[in-house]
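There are 2 protein chains.
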Amino acid sequence: MSGTTTAPAVPDRDTFVELDRHDPLAPLRDHFDLPTDLIYLDGNSLGALPAGTPAALDAVVRGQWRNDLNRGWTQHGWLRLPVTVGDAIGALIGAAPGQVVVGESTSTNLFKLLWGALAQRPGRRVVLSDTGNFPSDLYVADGLVNLVSGGHELRVVPTDDVVAHLGPDVAVVLLSHVDYRTGEILPVQQITERAHEAGALVLWDLCHSAGAMPVHVDEWGVDLAVGCGYKHLNGGPGAPAFMYVSHRLLPRFTQPVTGWIGHRDPFAFDPVYHRDPSPVGLLSGCPPVLGLVALEQGVRLLRRADLRQIRDKAVALTDRFVRLVAARPGNRRLGLLGPAEAQRRGSHVSYRHPAAEAVVAELLRRGVMVEYRPPDVVRFGFAPLYVRYADVWDAAAALTEAVATVETAVNDGGLRHE
Amino acid sequence: MSGTTTAPAVPDRDTFVELDRHDPLAPLRDHFDLPTDLIYLDGNSLGALPAGTPAALDAVVRGQWRNDLNRGWTQHGWLRLPVTVGDAIGALIGAAPGQVVVGESTSTNLFKLLWGALAQRPGRRVVLSDTGNFPSDLYVADGLVNLVSGGHELRVVPTDDVVAHLGPDVAVVLLSHVDYRTGEILPVQQITERAHEAGALVLWDLCHSAGAMPVHVDEWGVDLAVGCGYKHLNGGPGAPAFMYVSHRLLPRFTQPVTGWIGHRDPFAFDPVYHRDPSPVGLLSGCPPVLGLVALEQGVRLLRRADLRQIRDKAVALTDRFVRLVAARPGNRRLGLLGPAEAQRRGSHVSYRHPAAEAVVAELLRRGVMVEYRPPDVVRFGFAPLYVRYADVWDAAAALTEAVATVETAVNDGGLRHE
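First to last, the sequence lines map onto chains S and E.
With my numbering applied, the first sequence covers 249 to 666.
With my numbering applied, the second sequence covers 249 to 666.
Hints are computed from structural coordinates only; laboratory data are not their basis.
Don't take each hint at face value.
Here are some of the chain S residues that sit facing chain E, going by a computed Cβ distance under 7 Å [as the list claims (entries may be wrong)]:
| no. | residue |
| --- | --- |
| 1 | Y288 |
| 2 | L294 |
| 3 | R314 |
| 4 | S355 |
| 5 | T356 |
| 6 | F359 |
| 7 | Y387 |
| 8 | L395 |
| 9 | W468 |
| 10 | P485 |
| 11 | S532 |
| 12 | P535 |
| 13 | L555 |
Stretches of chain E that chain S covers, calculated by requiring three or more beta carbons in the stretch to come under 8 Å of a beta carbon on chain S [as the list claims (entries may be wrong)]:
| no. | stretch |
| --- | --- |
| 14 | 301-307 |
| 15 | 477-486 |
| 16 | 611-624 |
Distance ranges between label pairs, derived from CB positions [claimed, not checked]:
| no. | chain 1 | residue 1 | chain 2 | residue 2 | range |
| --- | --- | --- | --- | --- | --- |
| 17 | S | P622 | E | D268 | 56 to 62 Å |
| 18 | E | R310 | S | P416 | 53 to 59 Å |
| 19 | S | G325 | E | A652 | 32 to 38 Å |
| 20 | S | P499 | E | R369 | 33 to 39 Å |
| 21 | S | H464 | E | R310 | 31 to 37 Å |
| 22 | S | G371 | E | Q323 | 48 to 54 Å |
| 23 | E | E441 | S | G469 | 34 to 40 Å |
| 24 | E | A274 | S | P499 | 52 to 58 Å |
Where is the CB? At the ideal position from N, CA and C, for every residue including glycine.
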């Protein structure tokens with residue numbers, strides 16, 4: 249009753265329940281083990297638990313490790329997990345087999361590929377990135393250019409200015425496919441083409457797009473990419489991250505951390521390092537088996553879905569959420585970040601609010617978990633595999649209440665966030 | 249009966265069973281989940297499964313991850329695991345709290361610390377190591393000196409010549425505490441003191457000593473150390489590895505992979521990297537939670553034991569094994585590697601045999617799992633927490649049979665290993 253006099257009208261919750269009834273992805277929700285009392289809108293930070301993961305881990309721990317011990321490396325394919333899981337991720341990002349491998353953390357993987365990229369462009373000294381890039385990517389790049397001691401430089405410009413800064417000094421363009429705050433999707437293919445015209449390589453961070461939307465690294469001509477395992481791939485906390493090196497570069501691509509697992513025959517104990525010519529040569533130390541096994545479950549679950557359907561549902565969820573928020577006048581101090589059109593945004597939506605941290609806490613009290621990003625951003629992630637349309641309606645209603653509570657408290661002098 | 253006429257006499261199996269009865273460490277064996285049909289002498293390559301690990305993993309996966317999702321990082325201390333597990337490992341290697349952290353793989357950790365060491369000694373260009381060092385350590389060091397482009401060099405000399413090669417050009421001495429093949433224990437304190445007299449830093453690889461014997465990095469004046477989690481720490485396949493940086497170096501120590509988790513406030517999303525002054529500053533990416541939880545169980549189990557007792561039992565087991573092998577004339581083609589005295593060897597014993605790989609396979613057929621190290625080494629690891637004296641007797645008997653079988657086959661022309 250309360251919303252019927254406002255314009256635009258707030259749609260009824262029942263219409264959202266009806267959307268769930270016709271959602272082709274709805275059956276996949278049962279393949280996750282989710283808490284029943286929570287609307288989880290932070291799956292783009294840590295994906296939810298795939299229902300098959302506990303049993304898969306148990307099989308490896310109490311089955312393989314317990315019984316077969318050190319034979320597991322060969323007998324159970326542990327040593328090949330970086331490649332088998334890598335190729336499975338490759339299928340999600342449009343990479344033909346033999347170009348993706350799961351390594352250590354995203355930051356460490358990025359360091360290795362960025363170093364390798366600079367080695368491919370010895371006369372060029374600029375790493376070009378944008379202000380919207382994830383801070384860790386910029387930290388790693390900044391640290392690295394200061395190490396290579398050839399007068400290298402990290403040049404960080406506004407996103408829209410990246411192409412204009414392409415020049416003969418740029419060795420590699422380092423960007424995120426989807427902005428971790430605003431959700432803006434960058435045109436990978438277009439920027440990649442312009443970078444190549446300028447003689448530069450591209451290194452794309454796919455953390456917020458791998459598993460969330462169709463990605464076509466081969467088709468788009470991408471040179472290098474990294475991405476994490478714990479967001480849309482649902483690999484669990486601290487899951488290992490992947491690396492992609494295009495087959496065009498792979499034969500002559502070198503990386504700096506030349507540990508034994510990247511050797512073409514690690515168990516020969518050769519005194520001299522000979523890089524494995526496959527993506528295995530990107531690896532350094534012993535593969536993190538437990539993390540790989542959990543990641544494999546997450547990736548396997550994703551491959552049951554159609555990425556086009558996942559993307560379409562993400563657009564529908566985020567678009568409806570934004571419209572619901574806009575339809576309630578109490579939310580006028582929530583400032584949408586990034587593009588207005590859902591098609592130009594990834595699977596998350598962010599708002600600025602002067603008391604963002606308090607809003608996030610109020611949402612959690614109402615059973616809605618979202619992410620606070622300092623200093624003033626509330627981020628809502630919509631993982632289409634397990635977030636329902638009804639959750640969108642409920643979250644928007646909770647947000648309106650949370651904002652009202654916080655703003656009342658501020659007006660009463662109870663909060664000091666402004 | 250058969251052994252009573254040989255000299256030296258082969259002791260009776262019962263005397264070994266009796267030793268088990270009085271072994272103070274015997275009760276700890278029940279804290280492992282071991283296969284019943286196997287004598288596992290490869291725990292120095294992959295430690296056995298601690299009985300508490302499956303439940304600990306399950307609690308984190310089906311409890312914390314499932315229910316609390318992204319809140320786990322703070323609510324369940326996931327973000328602190330590198331430090332909490334690091335300090336627990338520190339207690340095993342004689343490091344006061346605040347100097348050890350669990351990072352990624354040993355090779356990656358080594359790369360970071362070695363880089364940091366060179367940065368501490370800018371005028372010096374030599375990394376000094378020995379021919380007995382683990383190949384991966386040499387690969388990493390060799391790769392690194394070629395990157396830093398200051399005319400750096402990896403100098404690899406016979407172990408006994410290391411001290412003689414210390415000079416004003418040596419930046420860092422990189423050695424393994426225990427030789428991965430021969431088991432020889434290097435005098436850490438003595439070499440460290442000589443290195444310091446020459447103005448060099450030391451970086452010790454503790455992979456084969458951490459958790460296997462008393463180690464006193466602080467007392468011995470060690471500067472830097474790394475070690476893996478999956479051998480004597482029983483952290484599981486591909487467990488993350490640790491780093492030690494002495495408090496003397498830590499305030500000004502830098503490492504090259506400056507990812508966000510090493511930032512003093514990673515969730516502030518500061519555009520500029522500010523290194524955490526604690527060992528957290530050695531980290532790069534998201535901590536591998538599953539691997540850390542499993543490692544924590546292994547470390548916790550070790551801390552129930554006295555490292556002096558562990559070491560004493562390792563000496564007793566390896567010494568008895570060597571004597572049993574020597575007492576059987578059929579074993580005369582097995583050539584013991586490394587020092588003759590058990591006190592000078594770690595927890596493993598290696599033999600050369602011209603058909604080593606076949607001997608290893610024959611042992612496995614007899615229910616004894618050991619390690620083959622190319623080209624001609626059979627390695628027996630004795631993990632005192634779960635290897636019994638009776639296992640030593642049985643393994644020695646099986647070895648004699650295996651050698652006889654292999655040598656007969658060779659004499660019959662059935663094998664071509666010589």
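Do the hints match the structure? See the list:
no.	hint	verdict
1	Y288	holds (6 Å)
2	L294	holds (4 Å)
3	R314	holds (5 Å)
4	S355	holds (3 Å)
5	T356	holds (5 Å)
6	F359	holds (5 Å)
7	Y387	holds (4 Å)
8	L395	holds (5 Å)
9	W468	violated (25 Å)
10	P485	holds (4 Å)
11	S532	holds (4 Å)
12	P535	holds (5 Å)
13	L555	violated (23 Å)
14	301-307	holds (count 4)
15	477-486	holds (count 4)
16	611-624	holds (count 4)
17	S/P622 with E/D268: 56 to 62 Å	holds (59 Å)
18	E/R310 with S/P416: 53 to 59 Å	holds (55 Å)
19	S/G325 with E/A652: 32 to 38 Å	holds (34 Å)
20	S/P499 with E/R369: 33 to 39 Å	holds (36 Å)
21	S/H464 with E/R310: 31 to 37 Å	holds (36 Å)
22	S/G371 with E/Q323: 48 to 54 Å	holds (50 Å)
23	E/E441 with S/G469: 34 to 40 Å	violated (57 Å)
24	E/A274 with S/P499: 52 to 58 Å	holds (55 Å)
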